[in-house]
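Undergrad: One-letter residues, chain by chain:
2 protein chains.
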Amino acid sequence: MADKAQLQEAIKTQGEVVRKLKSEKASKEQIDEEVAKLLQLKAQLGGDEGKHVFVLKTAKETLTGKYGEDSKLIYDLKDQGGELLSLRYDLTVPFARYLAMNKITNIKRYHIAKVYRRDNPAMTRGRYREFYQCDFDIAGQYDAMIPDAECLKIVYEILNELDLGDFRIKVNDRRILDGMFAVCGVPDEKFRTICSTVDKLDKMAWEDVKKEMVNEKGLSEDVADRIGEYVSMQGGQDLAERLLQDPKLSQNKQACAGLTDMKLLFSYLELFQVTDKVVFDLSLARGLDYYTGVIYEAILSQTIPALVSTPAEQNGADEAGVSVGSVAGGGRYDGLVGMFDPKGRKVPCVGVSIGIERIFSIMEQKAEASSEKVRTTETQVLVASAQKNLLEERLKLTNALWNEGIKAEVLYKKNPKLLSQLQHCEETGIPLVAILGEQELKDGVVKLRNVVSREEVDVPRADLVDEIKKRTL
Amino acid sequence: MADKAQLQEAIKTQGEVVRKLKSEKASKEQIDEEVAKLLQLKAQLGGDEGKHVFVLKTAKETLTGKYGEDSKLIYDLKDQGGELLSLRYDLTVPFARYLAMNKITNIKRYHIAKVYRRDNPAMTRGRYREFYQCDFDIAGQYDAMIPDAECLKIVYEILNELDLGDFRIKVNDRRILDGMFAVCGVPDEKFRTICSTVDKLDKMAWEDVKKEMVNEKGLSEDVADRIGEYVSMQGGQDLAERLLQDPKLSQNKQACAGLTDMKLLFSYLELFQVTDKVVFDLSLARGLDYYTGVIYEAILSQTIPALVSTPAEQNGADEAGVSVGSVAGGGRYDGLVGMFDPKGRKVPCVGVSIGIERIFSIMEQKAEASSEKVRTTETQVLVASAQKNLLEERLKLTNALWNEGIKAEVLYKKNPKLLSQLQHCEETGIPLVAILGEQELKDGVVKLRNVVSREEVDVPRADLVDEIKKRTL
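Protein chains in written order, with full-length UniProt numbering: chain A, 1 to 473; chain B, 1 to 473.
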């Protein structure tokens, strides 16, 4: 092993090489190559220290070359020391890095945390520069399509449970897309950029997508039209079977592998009883570079008029309102972990990202539109008094209820009016009031009042906890 | 209202003034003054847009002048546009800004999120540059000491529940400290810096603290000795009463207000049954600038030898090991919200910050030291098979259990060995295995196996869900 100081010096120098290339806007391949060297050096540092150096210092390098055309949305930062950093763009790349650095070869986990995009925010549609993502991923070498099917089942379950109206989950496979591009005559080096253009089909008409392919990306009309035929296809297991017989696609190894897996996936989805919402859709592309197999995206069918805020945002939406668009998406990324491992060891992964911020904004609007009040606390009971000078008794009772595991509140006032105590319950939705007075204290009871029905009963102090539990379960 | 474009231009110019002052290391007062002007201008912009400009763009200015001598630990950043930003240092200042910006005058909430400090990390003691904080705060104009007492009750409850061994909660009041400094003869302008020095008494001996006061902060020996007498005092309600009779302190208005509130606080703590762990300790100072009243800090009594990693970190610790130190702290900050309000409207606040990262590191070490295995999943049952070619049946049963709300897992293998399925349960602590075989399928039963006792029983398919629930409640 090399001398540590030498290694650290080498890492510093190599870091500068990478930074220089990036500032010069060198090619992705050239940058990737030098980043790989940097990672190798850091790995050599080894042990605890090497790990910390990695975890703490290579934020910017980590994100390079993972997001394709979306890279422009990465939030770059420079700290006091002039170190180049970035805020995390999603939870997938950090997850992959975590697995590689900690040599984890199988794990299933969810993660809810903030990510950052240097994008144009659209508050009314739940799009921000800083927002939460919720990811679920399964990493490990397993038999084909079983974890993939579980991811889709989970998306289905979540969207069903949240009661957001009808939805569809589009499924496709990066290998089918690549095979399709190949048999349509797209040059290899244009696969990724054409993929990005196809990805716009959910927001743009085919005619406009075609224009972009021909005018901006330099495809011939012929090639574009051939792509157009494929990307209009939708179906289920049957479509996968039919395409396996397609004279052109069946000649392409990649496409066949993807289609065979798609058939298998649908057989598992059948067992998981979710095929009523899942569609094999050849127009689904998803822009990110790191996907290697199955990809999917969930879309709510409902259009929400209240979500339309400005005429500019209405472009492409029908008269009835704007579609809220994708609320979940994901896919298989078998190569990403290997990019962080000094020896390139791969850990196959499949995952899904739930757009909780968008889902919350829809749920909030639904709640606002309905008459039902959304409670912001879980408080079961307010400890109140009708007379003056009972603060000590209120605090004592509150403390006793807390000690018994009851969610109790008390107004932070020496002598609050009964009316203001009752109003507090109505405003916050607290269902019960435990009222103390001289008489109640003398009798060893508490007056328990139902806020909605206004019905009151005297409950012996010893039975109070049980009574509150019974009434608020 | 001024023309919007003009205002935005003025904001830009003022922003540059602030930045220039800071780059020139101008005085805190001068910077604060210019920041205040900047905030005024931004507030004038008003409405939704003004708010967003504020929320998104003044991160760095927001943090200026709130943390006293700790300000050097703020993580400054510059984005692509050259905008000055900072990562949040704690959750209190952002909370105060949130209240001011949204004109919220009372709220009680907790918040668990990441904060950032440009500090020297000490991994083994749970100290990182990026770490979670967990804050609980009560904001609003209420009668004295009631919310303060609730905060202390919550700290008490949490530390009790987590079973971290014995602990103490030290309590003091910024006003008592200021009064004490005044009667000891500390010049007004040195209150804050002497406060920071007193704050080191938990890590340094009095002799060293005194040296710092005299040699570095320029106090006379006499003054330091007078402080030394007070800061050695500890007690409860009785101490507050005694100090109210102290010939010097009783002459100081600030000190009297603080001591009167301290008496009241202890009377509430008595009702909340927490006085066995709470100590009125005049040496507790807490460095942060924003506290205005009661302050407190919780310390675990236990010393944890495993937490000692390097000889350097052992300095100041006794032979038996190093104290894990403070695991919670907080206090009253009545002025902070007003600093963000264009009209200076105050919202009194009191809060507590739980050091969950430290607490987790202690709990993890305890778990490692004990023989009990910590489960990382809540899975109730693994769906398994003893024979080949039963993947479809396993997936079907797993799906049925999921649909019934059972936490079920299945290995992602076509034909896993029964042994590897059982081993998976032992490794992850899954308590039950539902085993399918040709015979079981024919009989309409599932073999339910208890992983620990190895006992097996055939359960009719219709009773399976109830049986699993009964055995895993």
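Heads up, a few of these hints could be off.
Pairs involving identical chains hold if they fit within one copy or between any two copies, as the list cannot separate such chains.
Once the Cα atoms are required to be at most 30 Å apart in a straight line, the calculated DSSO-like pairs of lysine-lysine come out as [unchecked claim]: (1) Lys407 <-> Lys469; (2) Lys346 <-> Lys414; (3) Lys20 <-> Lys366; (4) Lys103 <-> Lys114; (5) Lys388 <-> Lys343; (6) Lys203 <-> Lys396; (7) Lys253 <-> Lys366; (8) Lys217 <-> Lys470; (9) Lys407 <-> Lys203; (10) Lys470 <-> Lys407.
In case anyone wonders, no lab produced these hints; they're calculated from the structure.
Undergrad: Against this structure, judge whether each hint is valid.
TA: Structure-based check of all given hints:
1. For the homomeric pair Lys407 and Lys469, the shortest alpha-carbon distances inside one copy (10 Å) and between copies (27 Å) are both at most 30 Å.
2. For the homomeric pair Lys346 and Lys414, the shortest alpha-carbon distance between copies (21 Å) is at most 30 Å, but the shortest distance inside one copy (65 Å) is not.
3. Proximity of Lys20 to Lys366 under the C-alpha cut-off of 30 Å is found in neither arrangement, the shortest distances being 50 Å within a copy and 47 Å between copies.
4. Taking the closest pair of Cα atoms, Lys103 and Lys114 come within 30 Å of each other both inside a single copy (25 Å) and across two copies (25 Å).
5. With identical chains, the CA atoms of Lys388 and Lys343 are never at most 30 Å apart, being 75 Å at best within one copy and 35 Å at best between copies.
6. Proximity of Lys203 and Lys396 under a CA criterion of 30 Å is satisfied in neither setting, with 61 Å inside one chain copy and 37 Å between copies.
7. In this assembly of identical chains, the alpha carbons of Lys253 and Lys366 never lie at most 30 Å apart, being 47 Å within a copy and 54 Å across copies at closest.
8. Proximity of Lys217 to Lys470 under the C-alpha cut-off of 30 Å is found in neither arrangement, the shortest distances being 67 Å within a copy and 62 Å between copies.
9. In this assembly of identical chains, Lys407 and Lys203 lie within 30 Å of each other by CA distance neither inside one copy nor across copies; the values are 48 Å within and 38 Å between.
10. Proximity of Lys470 to Lys407 under the C-alpha cut-off of 30 Å is found in both arrangements, the shortest distances being 13 Å within a copy and 27 Å between copies.
The structure is inconsistent with the numbered hints 3, 5, 6, 7, 8 and 9, although it conforms to all the rest.
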